[in-house]
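**Q** Single-letter residue listing:
There are 2 protein chains.
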Amino acid sequence: MFKQLGVIGCGLMGGSFALAMKKAGLVKHVVGYSKSPSTTETARRLGVIDVAADSALLAVSGSDIVLLAVPVSATEATLKAIRHLIGPQVLLMDVGSTKCDVVDAARRALGDRLPSFVPAHPIAGKETGGVQHADAGLYQGRTVILTPLAGTSAQAVQRATDVWANLGAQVLKMSPKNHDAAFAAVSHLPHLLAFAFFQSVAAQPAGRDFLSLAGPGFRDFTRIAAGDPAVWRDILMANKAEVLAQSQRFRQTLDALEGLLKADDAAALEARIRLISDARGQWQMGQMGQIGTPRPAK
Amino acid sequence: MFKQLGVIGCGLMGGSFALAMKKAGLVKHVVGYSKSPSTTETARRLGVIDVAADSALLAVSGSDIVLLAVPVSATEATLKAIRHLIGPQVLLMDVGSTKCDVVDAARRALGDRLPSFVPAHPIAGKETGGVQHADAGLYQGRTVILTPLAGTSAQAVQRATDVWANLGAQVLKMSPKNHDAAFAAVSHLPHLLAFAFFQSVAAQPAGRDFLSLAGPGFRDFTRIAAGDPAVWRDILMANKAEVLAQSQRFRQTLDALEGLLKADDAAALEARIRLISDARGQWQMGQMGQIGTPRPAK
Numbered sequence: 030m031f032k033q034l035g036v037i038g039c040g041l042m043g044g045s046f047a048l049a050m051k052k053a054g055l056v057k058h059v060v061g062y063s064k065s066p067s068t069t070e071t072a073r074r075l076g077v078i079d080v081a082a083d084s085a086l087l088a089v090s091g092s093d094i095v096l097l098a099v100p101v102s103a104t105e106a107t108l109k110a111i112r113h114l115i116g117p118q119v120l121l122m123d124v125g126s127t128k129c130d131v132v133d134a135a136r137r138a139l140g141d142r143l144p145s146f147v148p149a150h151p152i153a154g155k156e157t158g159g160v161q162h163a164d165a166g167l168y169q170g171r172t173v174i175l176t177p178l179a180g181t182s183a184q185a186v187q188r189a190t191d192v193w194a195n196l197g198a199q200v201l202k203m204s205p206k207n208h209d210a211a212f213a214a215v216s217h218l219p220h221l222l223a224f225a226f227f228q229s230v231a232a233q234p235a236g237r238d239f240l241s242l243a244g245p246g247f248r249d250f251t252r253i254a255a256g257d258p259a260v261w262r263d264i265l266m267a268n269k270a271e272v273l274a275q276s277q278r279f280r281q282t283l284d285a286l287e288g289l290l291k292a293d294d295a296a297a298l299e300a301r302i303r304l305i306s307d308a309r310g311q312w313q314m315g316q317m318g319q320i321g322t323p324r325p326a327k
Numbered sequence: 030m031f032k033q034l035g036v037i038g039c040g041l042m043g044g045s046f047a048l049a050m051k052k053a054g055l056v057k058h059v060v061g062y063s064k065s066p067s068t069t070e071t072a073r074r075l076g077v078i079d080v081a082a083d084s085a086l087l088a089v090s091g092s093d094i095v096l097l098a099v100p101v102s103a104t105e106a107t108l109k110a111i112r113h114l115i116g117p118q119v120l121l122m123d124v125g126s127t128k129c130d131v132v133d134a135a136r137r138a139l140g141d142r143l144p145s146f147v148p149a150h151p152i153a154g155k156e157t158g159g160v161q162h163a164d165a166g167l168y169q170g171r172t173v174i175l176t177p178l179a180g181t182s183a184q185a186v187q188r189a190t191d192v193w194a195n196l197g198a199q200v201l202k203m204s205p206k207n208h209d210a211a212f213a214a215v216s217h218l219p220h221l222l223a224f225a226f227f228q229s230v231a232a233q234p235a236g237r238d239f240l241s242l243a244g245p246g247f248r249d250f251t252r253i254a255a256g257d258p259a260v261w262r263d264i265l266m267a268n269k270a271e272v273l274a275q276s277q278r279f280r281q282t283l284d285a286l287e288g289l290l291k292a293d294d295a296a297a298l299e300a301r302i303r304l305i306s307d308a309r310g311q312w313q314m315g316q317m318g319q320i321g322t323p324r325p326a327k
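Chains H and W supply the protein sequences, listed in that same order. Note that the working numbering numbers the first sequence so that position 98 is 127, with each residue one more than the last. Note that the working numbering numbers the second sequence so that position 32 is 61, with each residue one more than the last.
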């Protein structure tokens, strides 16, 4: 049980955390701050936060748990602004989708306050951001990844684990490096590909006509191309090296498939697609994949 | 109103057409043939067809409307096998996802019977194929594209248009070439990309772990990677040139986005993503796109 939650960034992620913490009975009092005063005011009016603070520092004052839910590019400046109020009894977490950059920023900004900081990435979200979509159930049943550093206090990691578990999330721990490699592969690259693909269709001379003919496959394949521009700018910039490495792998696989096509090797193309189709058919979200053990050919 | 429908290929598409034609009161008697005798028998047992024929030719015998619903690679051989029973009063259609190859096959196979053939592509389907999923409502509210040739009889085109309209579909006419370019862009290339992307993630050393972390964005982006291997082998092979041309366009767009990333040009990257995100946000399936008229920046 915490005395006071300070939320910096009262959007979908921060607002949902505030609602979930209250609903779980883990905190009674929530102080919130957003860069935009109208957002902070909306959060207060909707009952997502109890008190609107005029600065990030004021949201931290008196709080024993602090959630940083700002664009990752704002992490370092925000941490510097609140640094001197992060005592050893404060649990400080973020919710950023990239972790190496956040950890680097924390190392630079926090100094001897680093032990209180537990970098976190909840695998949760909605198509539509904003505090008006904040939802006490957002983290229920979802995975939250913690990427603690050698300097993070064991007690802080344990408290962070307990908090997320109490909100109904499954907690995994991994290194920032492994986290960023994994999410470059399963999230960041697909966004980049969806952006590029949609643009490539839309920008051609007959693009409008083509788009009017597109069906459900296209709809699902491009859904993530509607992602928030500021969020995805930050994520792609922050995880550039891993994203580009994954893109190289993807291009090699695409080259190989196109090679079979160009060589008119229908049998090899079908065999390759069958392996992929079977593996994708077996994959389920949140479960260990069964790659490499294809089902018998139909 | 037709006397008898002959269905060659009693799978999802052919079976659904038979059920829809009966339900609409457009035909009383359906004769069906599939390469696999057990499929034909299942279609008969389920009431999708009335009589199981032992050959494609026998399914055509006595029919005044014939639907070819076989893999596109089997089109030419099938047309040759039924050719001499395709009289001027017979309406012959296919349901293939590619049209240039089908039209070429028809030109080679049908000779003076060509006027009866109206190439058709209903934009409809289900995740799961097979006659057991045949559905009288499959074509209701969907688009059906007809790609008639100069040699196709105007009467046959009119009858085909009336048939699909009576099944509740919206009928569009375009040239085989335009059809194949459009579907390379909005359907065939995304399938190829989804196959390549899924394989690229799954095949790396940590692929299993990565897949276990993937969320809803990944799920939707890769849904079409579970497509039927034989169907997609045929489509990609048949429309190879257009698919490779679309892939080139896609790679250029991807190169441009990655160029911004490599140049650390965050502002330009965000601006580009905003145009894409806005355009995708405005796109709706089955409606004219609004590309090029982005919403004001948020």
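These are calculated hints, taken from the structure and not from any lab test. There may be inaccurate statements among the hints.
If several chains are the same, the list does not tell them apart, and a pair holds so long as it fits within one copy or across any two.
[Stated by the list, open to error] In silico SDA-like links for lysine to any residue, alpha-carbon gap of 20 angstroms or less:
no.	residue 1	residue 2
1	Lys155	Val80
2	Lys57	Gly170
3	Lys57	Thr172
4	Lys155	Pro144
5	Lys291	Gly54
6	Lys64	Val186
7	Lys291	Arg280
8	Lys51	Gln33
9	Lys155	Thr190
10	Lys52	Gly180
11	Lys32	Pro66
12	Lys155	Arg248
13	Lys51	Leu139
14	Lys52	Ala300
15	Lys155	Gln118
16	Lys291	Ala53
17	Lys32	Gly54
**Q** Against this structure, judge whether each hint is valid.
**A** Status of the hints after comparison with the structure:
1. Taking identical chains as interchangeable, the C-alpha atoms of Lys155 and Val80 are never at most 20 angstroms apart, the minima being 25 angstroms within one chain and 51 angstroms between chains.
2. For the identical chains of this complex, Lys57 and Gly170 are neighbours neither inside a copy (23 angstroms) nor across copies (52 angstroms), given an alpha-carbon limit of 20 angstroms.
3. With identical chains, the CA atoms of Lys57 and Thr172 are never at most 20 angstroms apart, being 25 angstroms at best within one copy and 55 angstroms at best between copies.
4. In this assembly of identical chains, the alpha carbons of Lys155 and Pro144 never lie at most 20 angstroms apart, being 31 angstroms within a copy and 53 angstroms across copies at closest.
5. When the C-alpha separation of Lys291 and Gly54 is checked against a cutoff of 20 angstroms, the pair qualifies neither within a copy, at 62 angstroms, nor between copies, at 46 angstroms.
6. Taking the closest pair of Cα atoms, Lys64 and Val186 never come within 20 angstroms of each other, the shortest separation being 28 angstroms inside a single copy and 62 angstroms across copies.
7. Taking identical chains as interchangeable, the C-alpha atoms of Lys291 and Arg280 lie at most 20 angstroms apart whether they share a chain (16 angstroms) or sit on different chains (17 angstroms).
8. Taking the shortest Cα distances, Lys51 and Gln33 sit within 20 angstroms of each other inside one copy (10 angstroms), while across copies they are farther apart (68 angstroms).
9. Taking the shortest alpha-carbon separations for Lys155 and Thr190, neither the intra-copy value of 23 angstroms nor the inter-copy value of 42 angstroms comes in at or below 20 angstroms.
10. Within a single copy, Lys52 and Gly180 get their C-alpha atoms no closer than 32 angstroms, and across copies no closer than 71 angstroms, so neither meets the 20 angstroms cut-off.
11. With identical chains, the CA atoms of Lys32 and Pro66 are never at most 20 angstroms apart, being 25 angstroms at best within one copy and 72 angstroms at best between copies.
12. Taking CA atoms no more than 20 angstroms apart as the test, Lys155 paired with Arg248 passes in both settings, with 17 angstroms inside one copy and 14 angstroms between copies.
13. In this assembly of identical chains, Lys51 and Leu139 lie within 20 angstroms of each other by CA distance neither inside one copy nor across copies; the values are 28 angstroms within and 73 angstroms between.
14. For a Cα distance limit of 20 angstroms, the shortest separation of Lys52 from Ala300 qualifies neither inside one copy, at 51 angstroms, nor across copies, at 39 angstroms.
15. In this homomeric assembly, Lys155 and Gln118 never come within 20 angstroms of each other (Cα to Cα): the closest approach is 32 angstroms inside a single copy and 56 angstroms across copies.
16. In this homomeric assembly, Lys291 and Ala53 never come within 20 angstroms of each other (Cα to Cα): the closest approach is 58 angstroms inside a single copy and 44 angstroms across copies.
17. Taking the shortest alpha-carbon separations for Lys32 and Gly54, only the intra-copy value of 11 angstroms comes in at or below 20 angstroms, while the best inter-copy value is 71 angstroms.
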